[in-house]
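Asker: These protein sequences, in sequence, are chains R and U. If you're matching positions, the first sequence starts at 1 in this note's numbering and goes up one per residue. If you're matching positions, the second sequence starts at 116 in this note's numbering and goes up one per residue.
No wet-lab data here; the hints were simulated from the structure. Where is the CB? At the ideal position from N, CA and C, for every residue including glycine. Among these hints, one or two may not hold up.
[Said to hold, decoys possible] Taking beta-carbon pairs under 7 Å as the criterion, some of the chain U residues facing chain R (in silico):
{"id": "1", "residue": "Y154"}
{"id": "2", "residue": "L158"}
{"id": "3", "residue": "F160"}
{"id": "4", "residue": "G167"}
{"id": "5", "residue": "E174"}
{"id": "6", "residue": "I176"}
{"id": "7", "residue": "G214"}
{"id": "8", "residue": "F218"}
{"id": "9", "residue": "K220"}
{"id": "10", "residue": "G221"}
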Amino acid sequence: DGGITQSPKYLFRKEGQNVTLSCEQNLNHDAMYWYRQDPGQGLRLIYYSQIVNDFQKGDIAEGYSVSREKKESFPLTVTSAQKNPTAFYLCASSTLYRGRGQPQHFGDGTRLSIL
Amino acid sequence: SQELEQSPQSLIVQEGKNLTINCTSSKTLYGLYWYKQKYGEGLIFLMMLQKGGEEKSHEKITAKLDEKKQQSSLHITASQPSHAGIYLCGAENYGGSQGNLIFGKGTKLSVKP
Numbered sequence: 001d002g003g004i005t006q007s008p009k010y011l012f013r014k015e016g017q018n019v020t021l022s023c024e025q026n027l028n029h030d031a032m033y034w035y036r037q038d039p040g041q042g043l044r045l046i047y048y049s050q051i052v053n054d055f056q057k058g059d060i061a062e063g064y065s066v067s068r069e070k071k072e073s074f075p076l077t078v079t080s081a082q083k084n085p086t087a088f089y090l091c092a093s094s095t096l097y098r099g100r101g102q103p104q105h106f107g108d109g110t111r112l113s114i115l
Numbered sequence: 116s117q118e119l120e121q122s123p124q125s126l127i128v129q130e131g132k133n134l135t136i137n138c139t140s141s142k143t144l145y146g147l148y149w150y151k152q153k154y155g156e157g158l159i160f161l162m163m164l165q166k167g168g169e170e171k172s173h174e175k176i177t178a179k180l181d182e183k184k185q186q187s188s189l190h191i192t193a194s195q196p197s198h199a200g201i202y203l204c205g206a207e208n209y210g211g212s213q214g215n216l217i218f219g220k221g222t223k224l225s226v227k228p
């Protein structure tokens with residue numbers, strides 16, 4: 001079955017530590033996205049990528065970094081510069097070749113907490 | 116910038132009752148998406164609306180987009196405990212990159228048996 005896999009489901013970060021969240025999709029989608037979800041805040045876009053080796057900052061990119069070396073993979077690194085990383089992180093993907101109007105499909109999320 | 120406002124923020128209904136959730140945009144909607152989320156899980160795509168006046172249904176859930184394309188509603192008929200969760204509307208970001216969505220803050224639905 002095609003889908004989006006995020007790992008791990010739960011992650012703990014120590015002070016000064018960088019952590020990487022994995023996102024893999026086998027839907028052959030062009031675009032991939034990372035969102036952060038906080039209680040009462042809805043989803044906020046961190047980074048997105050529409051093509052391999054290219055990515056763009058979203059609304060809250062500070063303290064985060066990404067890479068897109070393969071179409072299937074879009075890992076997110078939460079760096080020590082992100083002072084409030086505790087949140088639920090969601091990865092999504094969508095096709096672009098049909099133009100606008102294509103829904104994003106989501107993974108099951110990773111919950112990041114501070115030790 | 117475009118914003119999506121959802122109402123109500125939370126809703127508690129008795130099983131079997133009907134309910135409506137609204138999503139209002141500050142700009143014309145080019146594509147409106149409804150998602151459902153269970154706590155601690157990912158978003159499940161429900162429906163997409165693009166044309167003014169469009170209406171789509173799946174099982175007991177109906178979504179509508181008004182003629183002016185600035186407001187959408189999600190109606191659940193004869194609610195069941197399985198309908199409980201957070202409902203989010205998302206929209207193509209006006210003037211943004213193709214595929215990018217902005218989201219409302221969600222409506223939390225509880226269904227009492």
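Asker: Check the structure against each numbered hint from earlier and tell me which ones fail, lowest number first.
Answerer: Checked against the structure, the hints that fail are numbers 1, 4, 5, 6, while the rest are satisfied.
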